Structures are given as structure tokens and as C-alpha cells.
Amino acid sequence: EDQVTQSPEALRLQEGESSSLNCSYTVSGLRGLFWYRQDPGKGPEFLFTLYSAGEEKEKERLKATLTKKESFLHITAPKPEDSATYLCAVQGWGDYGGSQGNLIFGKGTKLSVKP
Amino acid sequence: ETGVTQTPRHLVMGMTNKKSLKCEQHLGHNAMYWYKQSAKKPLELMFVYSLEERVENNSVPSRFSPECPNSSHLFLHLHTLQPEDSALYLCASSQENRDREGEKLFFGSGTQLSVL
Numbered sequence: 013e014d015q016v017t018q019s020p021e022a023l024r025l026q027e028g029e030s031s032s033l034n035c036s037y038t039v040s041g042l043r044g045l046f047w048y049r050q051d052p053g054k055g056p057e058f059l060f061t062l063y064s065a066g067e068e069k070e071k072e073r074l075k076a077t078l079t080k081k082e083s084f085l086h087i088t089a090p091k092p093e094d095s096a097t098y099l100c101a102v103q104g105w106g107d108y109g110g111s112q113g114n115l116i117f118g119k120g121t122k123l124s125v126k127p
Numbered sequence: 198e199t200g201v202t203q204t205p206r207h208l209v210m211g212m213t214n215k216k217s218l219k220c221e222q223h224l225g226h227n228a229m230y231w232y233k234q235s236a237k238k239p240l241e242l243m244f245v246y247s248l249e250e251r252v253e254n255n256s257v258p259s260r261f262s263p264e265c266p267n268s269s270h271l272f273l274h275l276h277t278l279q280p281e282d283s284a285l286y287l288c289a290s291s292q293e294n295r296d297r298e299g300e301k302l303f304f305g306s307g308t309q310l311s312v313l
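For the record, the sequence lines run as chains A and B. Using our numbering, you'd call the opening residue of the first sequence number 13 and step up by one each time. Using our numbering, you'd call the opening residue of the second sequence number 198 and step up by one each time.
No wet-lab data here; the hints were simulated from the structure. Nothing here was measured: the structure is a model prediction, and the numbers come from that model. In this text, a Cβ means the ideal position worked out from N, Cα and C, and glycines have one as well. Careful, some of the hints might be misleading.
Below 30 Å or equal to it, Euclidean Cα-Cα: the simulated DSBU-like pairs (lysine-lysine) are [said to hold, decoys possible]: (1) A/Lys69 to B/Lys301; (2) B/Lys237 to A/Lys122; (3) A/Lys119 to B/Lys219; (4) A/Lys81 to B/Lys238; (5) B/Lys219 to A/Lys54; (6) B/Lys219 to A/Lys122; (7) A/Lys75 to A/Lys91; (8) B/Lys238 to A/Lys126; (9) B/Lys215 to A/Lys80; (10) B/Lys238 to A/Lys69; (11) A/Lys81 to B/Lys301; (12) A/Lys91 to B/Lys238; (13) A/Lys54 to B/Lys301; (14) B/Lys301 to A/Lys122; (15) B/Lys301 to A/Lys71; (16) B/Lys301 to A/Lys119; (17) A/Lys71 to B/Lys238; (18) B/Lys238 to A/Lys122; (19) A/Lys54 to B/Lys215; (20) B/Lys215 to A/Lys75; (21) B/Lys219 to A/Lys75; (22) B/Lys237 to A/Lys54; (23) A/Lys80 to B/Lys238.
Listed below are several chain A residues computed to face chain B (Cβ distance under 7 Å; list not exhaustive) [as the list claims (entries may be wrong)]: (24) Lys54; (25) Gly55; (26) Pro56; (27) Phe58; (28) Thr61; (29) Phe117; (30) Gly118; (31) Lys119.
Produce the entire structure from the sequences given, and follow the hints as far as they go.
This is the structure in C-alpha cells:
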């Protein structure tokens, strides 16, 4: 069964204090691993897609990496506006006939960055 | 308007009411989805309309009924809901291609539903 586990559940950082969020996954044939950001009362906002082990992507202070078992979201010198819940999701080739919406989500990591 | 628009943003209903949630996407996508987000739980896929097929999570109760009249509009009809159905209901869309790597979903802001 496809599964995603995110850790930690919550993370509190001081502004400028770099850290990493973890996403461990099991999937029968990875079609894609996705990172989303979600602000309170809003829908998830897409950040990155990773397709194969060794792949890395960057956007401003965020960098996502992927291995065969886990993905990391590295946050460098975070600012208060980076505070949000970060969601990880995977999609396998075998789910629901291959429909792309069949993402398996983790519970998320709630990040708080204090000034 | 751009992106994925959901209405209403908030809904309070009694267990005997009938209501509908509406979603519209302005991205030209060919697939639309309903997700449920409850506190302390992962997002749960409820229904998919993709390439004119409907795929559903078999664990979704029949008191939830989707309707997709065309590729831009999606509804979720609600009747005789239970208090445990209170949650954030999210609509999403994507450009589906089953032979290719996964494409990202675009989410709406959601409808926060409270069942009394």
C-alpha cells in the first residue's frame, strides 16, 4: 500500500535558522513526488515535482531533494512569511488506473518562523 | 478570473439539509477532483473526473454525490450529512495524460463545511 510519512509534525524556527523537513514514502512505481505549501484557510499551493532519485529543485529559500525512499525540503535562512504547513504527496503508476489526481498525501509539517 | 474558484467559502448546514458545493476551473484542464481535508488527517481523495471517466474512492458515503457537466465545472451535492463530515472540501484540476509522468494539481481555496 502506498504511504507517506512526514516529520516532524511541527517545527519552530528563529528567522535565519536553516532546517529540513522529511518525507518518507513507499509507492509501487513512483510517478512523481510533490511538495505543496498550505496557508491557513486556503488550498495547497504547488511548490515542486520530483520524478527520480538524485533530482533536486530550488525556489528562493527552498530546495527539494529526492532519494528512493525519502524526500527532504531544505529551508535556508527562513523568514516569517515562510510560516505555513508543508505537504508532501506521492503518485504511483498503479493507483486508480493511472489518474494523476490520485496523490497520497502526508499529514504535513507545520512550520512557524519567529522574527 | 484565473485558477480554480470554489463557492461558497463557508457553509453551515443541518443534518437534514441538501446543499451543493461548486467549483470552476479557468485553466483549460481536462481533469477535476474533490478532496476532503479534516483536522490532523491527510488530504483524502473523494472523486475524480478524468478524460470523461469518473473514478471514486469506494470509502466515500453515498450522501456525497458528484456531478461534472463539462470539463470546467464540478459540483458536490450533499444530503443528510453527519457532524463528522465537517471539514474543508477542496476542488482541484490538472491536465491529465496517463502515459506521462505526474502533473501537478491546482487547488481552489476550499469550502469550510460545518454540519450541525
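Structure-based check of each hint:
1. Taken as a hint, the A/Lys69 and B/Lys301 pair is honoured in the structure, with Cα atoms around 15 Å apart against an allowance of 30 Å.
2. Restraint check for B/Lys237 and A/Lys122: the C-alpha separation of about 11 Å stays at or below 30 Å, so the hint holds.
3. Distance check on the hinted pair: A/Lys119 and B/Lys219 sit about 26 Å apart at the alpha-carbon level, within 30 Å; holds.
4. Distance hint between A/Lys81 and B/Lys238 is fulfilled; the C-alpha atoms sit about 22 Å from each other, no more than 30 Å.
5. Between B/Lys219 and A/Lys54, the direct Cα distance comes to roughly 16 Å. Compliance with the 30 Å bound is thereby established for this hinted pair.
6. Pair hint B/Lys219 plus A/Lys122 holds up; C-alpha atoms about 29 Å apart against a cutoff of 30 Å.
7. Simply put, A/Lys75 and A/Lys91 have alpha-carbon atoms about 15 Å apart, close enough for the 30 Å limit, and the pair holds.
8. Between B/Lys238 and A/Lys126 the alpha-carbon distance is near 26 Å, which keeps this suggested pair within the 30 Å criterion.
9. For the suggested pair B/Lys215 and A/Lys80, the alpha carbons sit about 46 Å apart, so the restraint of at most 30 Å is broken.
10. For the suggested pair B/Lys238 and A/Lys69, the alpha carbons sit about 27 Å apart, so the restraint of at most 30 Å is met.
11. Simply put, A/Lys81 and B/Lys301 have alpha-carbon atoms about 21 Å apart, close enough for the 30 Å limit, and the pair holds.
12. This hinted pair checks out: A/Lys91 and B/Lys238 have alpha carbons roughly 27 Å apart, not beyond 30 Å.
13. A threshold of 30 Å between alpha carbons decides the hint, and for A/Lys54 with B/Lys301 the separation of about 17 Å falls inside it, so the pair holds.
14. A hinted pair counts as satisfied when its Cα atoms are at most 30 Å apart, and B/Lys301 with A/Lys122 qualifies at roughly 21 Å.
15. Using a Cα cut-off of 30 Å, the hinted pair B/Lys301 and A/Lys71 holds, with the two alpha carbons roughly 16 Å apart.
16. Of the supplied pair hints, the one linking B/Lys301 and A/Lys119 holds, its CA atoms being roughly 18 Å apart against a limit of 30 Å.
17. Between A/Lys71 and B/Lys238 the alpha-carbon distance is near 27 Å, which keeps this suggested pair within the 30 Å criterion.
18. The suggested pairing of B/Lys238 with A/Lys122 holds, with an alpha-carbon distance near 13 Å, which does not exceed 30 Å.
19. Distance check on the hinted pair: A/Lys54 and B/Lys215 sit about 25 Å apart at the alpha-carbon level, within 30 Å; holds.
20. A hinted pair counts as satisfied when its Cα atoms are at most 30 Å apart, and B/Lys215 with A/Lys75 does not qualify at roughly 45 Å.
21. For the given pair, B/Lys219 sits about 35 Å from A/Lys75 by alpha-carbon distance, which is inconsistent with the 30 Å threshold.
22. Simply put, B/Lys237 and A/Lys54 have alpha-carbon atoms about 16 Å apart, close enough for the 30 Å limit, and the pair holds.
23. Using a Cα cut-off of 30 Å, the hinted pair A/Lys80 and B/Lys238 holds, with the two alpha carbons roughly 25 Å apart.
24. The criterion of a C-beta within 7 Å of any C-beta in chain B is met by A/Lys54, whose closest approach is roughly 5 Å, and the hint holds.
25. Because the smallest distance between the Cβ of A/Gly55 and any Cβ of chain B comes to about 3 Å, under 7 Å, the interface hint for this residue holds.
26. Evaluation of the A/Pro56 hint against chain B yields a held restraint, the C-beta minimum of about 5 Å falling below 7 Å.
27. Using the Cβ-Cβ criterion of 7 Å, the hint placing A/Phe58 at the interface with chain B is satisfied: the shortest such distance is roughly 5 Å.
28. Nearest Cβ of chain B to the Cβ of A/Thr61: about 6 Å, under the 7 Å cut. The hint holds.
29. Given the 7 Å rule on beta carbons, the hint for A/Phe117 holds: about 4 Å separates it from the nearest Cβ of chain B.
30. Using the Cβ-Cβ criterion of 7 Å, the hint placing A/Gly118 at the interface with chain B is satisfied: the shortest such distance is roughly 6 Å.
31. Nearest Cβ of chain B to the Cβ of A/Lys119: about 5 Å, under the 7 Å cut. The hint holds.
When each numbered hint is compared with the structure, violations occur for hints 9, 20 and 21.
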